[in-house]
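Colleague: Residue numbers (our numbering): 11 to 105.
Hints are computed from structural coordinates only; laboratory data are not their basis.
Some hints here could point you the wrong way.
What the hints assert, rightly or not - So the derived label-pair ranges between C-beta atoms look like this:
| # | residue 1 | residue 2 | range |
| --- | --- | --- | --- |
| 1 | S25 | V64 | 14 to 22 Å |
| 2 | A47 | G27 | 12 to 20 Å |
| 3 | S25 | S73 | 17 to 25 Å |
| 4 | A91 | N60 | 27 to 35 Å |
| 5 | I13 | A90 | 28 to 36 Å |
| 6 | D104 | N21 | 30 to 38 Å |
| 7 | T43 | T63 | 17 to 25 Å |
| 8 | L71 | I37 | 34 to 42 Å |
Virtual Cβ for every residue (Gly too), placed ideally from N, Cα, C.
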Amino acid sequence: MSILLPQQFFNLAPSVGKSYYENLDGILNGSVTVNNASAFPVNLVIYRVNAPTVTYVIPGLNSLTITVNALQVAALLSTAAGAVFGTIEIATSDF
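Given the sequences, and given the hints that come with them, work out the whole structure.
Modeller: Here it is as structure tokens:
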């Protein structure tokens, strides 16, 4: 079964992080789309079951979509460069 979570808006001050999805069971696969509408980069931090933490840098005025297995946490972290804003959307699947 697939679930598309509601689109969430983010507005983070410099050097601030926030989690937008948490499933500590980590049994679902997930797709994460981040649209960075600000001029500064934002970091997408992905935690998975039995895998290293991965960080993706999304430059200003860009977007990124990734698909991962066994998604536990999807979080955003702004850099010291400046405040960031945009949207994040997460879809999960147990396939």
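Colleague: Each hint should be assessed against the structure and marked as holding or not.
Modeller: Hints, one by one, checked against the model:
1. S25 - V64: 14 to 22 Å: holds, 20 Å
2. A47 - G27: 12 to 20 Å: holds, 18 Å
3. S25 - S73: 17 to 25 Å: Holds: the Cβ-Cβ distance is about 22 Å, inside 17 to 25 Å.
4. A91 - N60: 27 to 35 Å: holds, 33 Å
5. I13 - A90: 28 to 36 Å: Holds: the Cβ-Cβ distance is about 35 Å, inside 28 to 36 Å.
6. D104 - N21: 30 to 38 Å: holds, 32 Å
7. T43 - T63: 17 to 25 Å: holds, 19 Å
8. L71 - I37: 34 to 42 Å: Since L71 and I37 have Cβ atoms about 35 Å apart, the given range 34 to 42 Å holds.
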